[in-house]
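Asker: Take a look at the letters that make up each chain.
Number of protein chains: 2
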Amino acid sequence: MHNLVILLAHGSTDESWSDTFKQFTHSARAKYPNTKLAYMELSTPSLSHAVESAVKDGYQSITILPLFLAKGKHLRHDIPKQLAVLKKKFAIEIDLLPPLGEQAELALAVELIIDRHIK
Amino acid sequence: MHNLVILLAHGSTDESWSDTFKQFTHSARAKYPNTKLAYMELSTPSLSHAVESAVKDGYQSITILPLFLAKGKHLRHDIPKQLAVLKKKFAIEIDLLPPLGEQAELALAVELIIDRHIK
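Protein sequence lines correspond, in order, to chains A and B. Under my numbering, think of the first position of the first sequence as 176, with each following residue one higher. Under my numbering, think of the first position of the second sequence as 176, with each following residue one higher.
Hint data in this document are derived by calculation from the structure and do not stem from the laboratory. Remember, predicted model here, so these are calculated numbers, not experimental data. Errors might be hidden in some of the hints.
Identical copies go unnamed one by one, so any copy, or any two together, can satisfy a pair.
[Stated by the list, open to error] Once the Cα atoms are required to be at most 20 Å apart in a straight line, the calculated EDC-like pairs of lysine to aspartate or glutamate come out as:
#1 Lys-248 with Glu-190
#2 Lys-262 with Glu-216
#3 Lys-197 with Glu-286
#4 Lys-246 with Glu-216
With these hints in hand, go ahead and build the complete structure from the sequences.
Answerer: Written as structure tokens, this is what we have:
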């Protein structure tokens, strides 16, 4: 397999904040071993480091799923800017998906959670 | 039905940021009409306003699902503090669920999204 999935979280100075994202990555890796977690800022590994590693590991393309609920300035500006630099630096295809919150599966998950808790 | 579900988002000065959360609420309301959206800060209606309205509307209990991926200082400190004040002020039962990101449905949604996009 030559495609790497990067789950991209915001990052935080609070170590325990990352636990949820590590858990997502752990369960996704059980099914898709080529999945890694990276952070936009404040935590490691950084997106830049993850892309550099992917190139070294011989991946030919990267699919990034932002672990963000909504598209704020990070997804509209900061991340595309980081990706433009990385695409220029490394000869690798990078596909940025809409954030988690904009995927149909999320709205369904919200309904299922309500269903499980209020019935 | 005497229980109100409040979907509680962070809030933002960026108006368009809320669109995703409005969309969640819209789809949830199609199935659970007693669902409302509120914000911890920066956007309206505030959590406090939503709880006050619920009391006026005769709801006997409120279930809050935080539309947050991870538990940071807001969910560990700010929101419980707001809820303690509201519970004291209004005679209403309030149940705070773990955030969206800690619900099993979310990890599954991440897997389904990867599945849909990389196959």
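Asker: Among the hints numbered above, which are violated by the structure, and what are their numbers in rising order?
Answerer: Violated: none.
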